[in-house]
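Asker: Produce the entire structure from the sequences given, and follow the hints as far as they go.
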Amino acid sequence: MDFRLNEDQEALQDGVRSFCSARVPHDVLHELAAGEGFDRALWRELAEMGVFNLCLAENEGGVGLGMADAVVVFAEMGRVLVPGPLIWTHLASGFIDGAATGETVVGGLDLYSVDQAPYVIEHLDQLDVILLLRREGVFRIDPREISARAIPDPLDPLTPVHECSELPKGERVLDRDDAMQFRLEASVLAAALQFGIAEACQELAVDYAKTREQFDRPIGSFQALKHILADMFVRQEIARAAAYAAGATLDDPGVGDVLRAASSAKLNAGDAAHKNARACIQVHGGMGYTWEVPAHYYLKRAWVLENSFGSIDEHAEQMASLIS
Amino acid sequence: MDLRYSESDEKFRAELRAWLDDAVPAHGEPPPTDDWDARCVYDTGWQRKLFDAGYAGIQWPREYGGRDASLTEQLVYYEEIARASAPYVGVNFVGLLHGGPTVIAEGTDAQKAKHLQKILRGEEIWCQGFSEPVAGSDLAALQTRAVRDGDDYVVNGHKIWCSFAHVAQYGELLVRTDPDVRKHAGITWLILPMDTPGIEIRPLPTLVGEGEFSEVFFEDVRVPVENRVGDENDGWRVTNVTLRFERGTAFASEMIQLQHFLADLIALARKVTRHESHAWDDRALRLEVGHLAAELDALWAMVKLSVCRANQTGVPGLEGSAIKLYYTELYQRVAELATRVLGRAALGRSDIGDRPNKMILNKMLQSLSLTIAAGTSQIQRNIIAERILGLPKERK
Numbered sequence: 001m002d003f004r005l006n007e008d009q010e011a012l013q014d015g016v017r018s019f020c021s022a023r024v025p026h027d028v029l030h031e032l033a034a035g036e037g038f039d040r041a042l043w044r045e046l047a048e049m050g051v052f053n054l055c056l057a058e059n060e061g062g063v064g065l066g067m068a069d070a071v072v073v074f075a076e077m078g079r080v081l082v083p084g085p086l087i088w089t090h091l092a093s094g095f096i097d098g099a100a101t102g103e104t105v106v107g108g109l110d111l112y113s114v115d116q117a118p119y120v121i122e123h124l125d126q127l128d129v130i131l132l133l134r135r136e137g138v139f140r141i142d143p144r145e146i147s148a149r150a151i152p153d154p155l156d157p158l159t160p161v162h163e164c165s166e167l168p169k170g171e172r173v174l175d176r177d178d179a180m181q182f183r184l185e186a187s188v189l190a191a192a193l194q195f196g197i198a199e200a201c202q203e204l205a206v207d208y209a210k211t212r213e214q215f216d217r218p219i220g221s222f223q224a225l226k227h228i229l230a231d232m233f234v235r236q237e238i239a240r241a242a243a244y245a246a247g248a249t250l251d252d253p254g255v256g257d258v259l260r261a262a263s264s265a266k267l268n269a270g271d272a273a274h275k276n277a278r279a280c281i282q283v284h285g286g287m288g289y290t291w292e293v294p295a296h297y298y299l300k301r302a303w304v305l306e307n308s309f310g311s312i313d314e315h316a317e318q319m320a321s322l323i324s
Numbered sequence: 001m002d003l004r005y006s007e008s009d010e011k012f013r014a015e016l017r018a019w020l021d022d023a024v025p026a027h028g029e030p031p032p033t034d035d036w037d038a039r040c041v042y043d044t045g046w047q048r049k050l051f052d053a054g055y056a057g058i059q060w061p062r063e064y065g066g067r068d069a070s071l072t073e074q075l076v077y078y079e080e081i082a083r084a085s086a087p088y089v090g091v092n093f094v095g096l097l098h099g100g101p102t103v104i105a106e107g108t109d110a111q112k113a114k115h116l117q118k119i120l121r122g123e124e125i126w127c128q129g130f131s132e133p134v135a136g137s138d139l140a141a142l143q144t145r146a147v148r149d150g151d152d153y154v155v156n157g158h159k160i161w162c163s164f165a166h167v168a169q170y171g172e173l174l175v176r177t178d179p180d181v182r183k184h185a186g187i188t189w190l191i192l193p194m195d196t197p198g199i200e201i202r203p204l205p206t207l208v209g210e211g212e213f214s215e216v217f218f219e220d221v222r223v224p225v226e227n228r229v230g231d232e233n234d235g236w237r238v239t240n241v242t243l244r245f246e247r248g249t250a251f252a253s254e255m256i257q258l259q260h261f262l263a264d265l266i267a268l269a270r271k272v273t274r275h276e277s278h279a280w281d282d283r284a285l286r287l288e289v290g291h292l293a294a295e296l297d298a299l300w301a302m303v304k305l306s307v308c309r310a311n312q313t314g315v316p317g318l319e320g321s322a323i324k325l326y327y328t329e330l331y332q333r334v335a336e337l338a339t340r341v342l343g344r345a346a347l348g349r350s351d352i353g354d355r356p357n358k359m360i361l362n363k364m365l366q367s368l369s370l371t372i373a374a375g376t377s378q379i380q381r382n383i384i385a386e387r388i389l390g391l392p393k394e395r396k
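Protein sequences, first through last, are from chains A and B. Taking my numbering, the leading residue of the first sequence gets 1, the next gets one more, and so forth. Taking my numbering, the leading residue of the second sequence gets 1, the next gets one more, and so forth.
Treat each hint with caution, since some may be false.
[Stated by the list, open to error] Chain A regions said to be covered by chain B (calculated; three or more residues, Cβ under 8 Å): (1) 4 to 12; (2) 205 to 213; (3) 238 to 247; (4) 263 to 272; (5) 313 to 324.
The hints are simulated quantities; they were obtained by calculation from the structure and are not laboratory data. Source: prediction; values computed, not measured. The beta-carbon is built from N, C-alpha and C at its ideal position, and this holds for glycine as well.
Answerer: In structure tokens form, the structure reads like this:
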């Protein structure tokens with residue numbers, strides 16, 4: 001056992017991190033938020049870097065890596081809030097033409113636990129293919145098949161949404177077992193994005209607390225602030241451990257229970273993302289409440305992810321049933 | 001990012017599990033908590049059995065009688081000890097997890113030869129003499145004075161929160177040897193024979209109502225200079241070697257026991273009636289248990305990550321503070337929820353019907369000490385903020 005990142009994973013992390021920090025700095029988020037909340041050129045670049053074909057076998061044109069590696073990559077994208085249906089396109093790369101190369105943007109709706117209107121679809125204007133994730137399988141529909149209303153004021157300015165009241169059945173592309181695996185992997189990747197948010201918020205808040213001065217000293221020297229920041233670090237590390245463990249368990253199901261690992265990751269990383277984003281706003285004081293400081297983007301994305309691939313209650317109930 | 005135990009780890013697990021399957025039931029039920037003579041026999045007797053079977057000092061070097069197990073074997077060991085509900089280290093705690101490791105790291109050859117085997121064999125009980133009435137979280141403010149007189153130090157002062165002082169043969173004692181320098185620079189670490197004249201032990205009853213702790217008073221107590229561990233006035237550094245250890249993996253087996261405690265809570269909730277159905281039928285309770293279970297799993301993953309890092313660096317990392325902080329607060333939440341499931345039956349501390357009041361309420365009350373002992377939660381947060389996150393110290 002060596003639960004640390006191996007050398008390849010460290011290199012992968014470094015590579016994605018330097019791409020993300022150069023390509024998606026905070027002012028780019030502001031530009032995207034003012035526009036369509038999506039950038040096709042960036043999507044292609046992510047594809048070239050291997051974000052979407054990462055877990056495809058090499059003989060299918062992929063990088064041939066596993067879920068643990070994908071967790072590392074998605075955590076990095078969470079840190080900078082890369083917008084778009086990352087999880088759907090990544091998981092569709094094996095069965096939707098063009099997904100792996102970034103030419104086809106694949107989004108979807110998770111109907112696994114709740115299948116009732118109103119249906120809220122993310123990034124609809126950008127989608128070339130929509131997947132419907134149901135218990136009995138994954139179904140493909142053409143975005144032009146549905147009539148949806150754009151919601152003019154999405155909660156997360158980087159996640160535009162439409163709502164519609166009816167969905168076609170669609171063409172089945174994955175069977176029941178594969179749909180279950182799809183959902184499992186999707187919830188772990190969501191947890192990885194959430195962990196990335198938790199870590200980024202901690203770093204933003206700590207940096208600010210070291211430089212912002214009040215009463216003639218850095219606010220980070222006050223114990224009241226230190227304890228908020230220490231708790232942010234602890235939540236981040238718990239989220240890291242849970243997300244890494246879920247990735248490692250999905251790659252090697254012999255080391256644990258995959259459902260339990262996925263639910264633990266989604267709950268802990270979700271909690272860390274949400275609470276760290278809130279704390280990040282609080283530590284920034286009045287500036288944290290402005291549009292200019294990006295802390296609000298993190299909290300808003302944390303809310304989006306909290307409602308993706310299993311709610312808090314769904315995963316908590318699943319945990320309880322798995323251990324009882 | 002590999003969580004698979006090696007073949008040799010699994011072989012070790014199989015051997016240990018087979019041994020525990022026989023040895024644990026054979027050792028019998030633990031004696032009442034207030035029967036200290038029986039507790040010492042029970043705890044040291046179990047330690048001796050571990051030693052004879054080759055499972056004592058799992059992390060200690062072989063030359064001192066330990067097993068020198070790899071860190072992953074230690075994780076297996078903690079998992080199996082908890083799985084088998086094996087006896088707790090009990091009165092051996094300070095010797096095995098504190099004094100012993102300090103002597104290994106900093107002691108002289110003579111000190112090692114004199115104490116380490118005996119601690120491992122359950123023949124020597126240690127206690128701790130660190131805190132003082134004026135030196136709690138600010139441990140370095142300690143005032144118990146030691147003055148050199150020939151080959152002895154002469155000790156005068158007052159220690160508090162001395163675990164197991166009334167049953168111990170030796171104590172780990174922090175004393176002030178130089179009052180004229182900055183407080184961290186004038187401290188020395190001594191091995192104190194508890195039968196030395198001039199020591200008075202007064203029990204300090206806790207809110208649990210039992211006597212693990214004492215206050216210890218010193219009046220002209222002569223401790224040989226040869227009992228000093230590390231250099232004179234270097235005791236603060238010597239102490240921190242073990243404090244970090246205490247905050248790292250020392251809690252590992254208890255974390256797994258906490259998973260068992262959660263299982264006990266569920267078993268109770270299936271029995272207890274609420275509003276004409278069982279408490280476990282209440283979704284709100286199940287959700288709360290689900291959250292706690294998820295957090296426990298994540299915490300154990302975090303221990304594994306920390307252990308794998310320590311495997312590389314050789315010392316437990318600072319993230320031990322984060323683990324200690326999280327574990328102790330989580331423990332309190334589990335204990336409190338279990339108490340809530342008991343309902344009004346919790347008003348009695350002995351078992352009512354088939355409800356395990358005694359176990360739950362003892363754990364609930366004892367858990368109040370977890371966020372205070374070995375560095376309060378507030379001190380851990382300061383350590384994380386200043387030493388991990390690099391935040392500036394508060395201006396004095």
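Asker: For a quick check of understanding: which of the numbered hints are violated here, in increasing order?
Answerer: Violated hints: none at all, because every hint is consistent with the structure.
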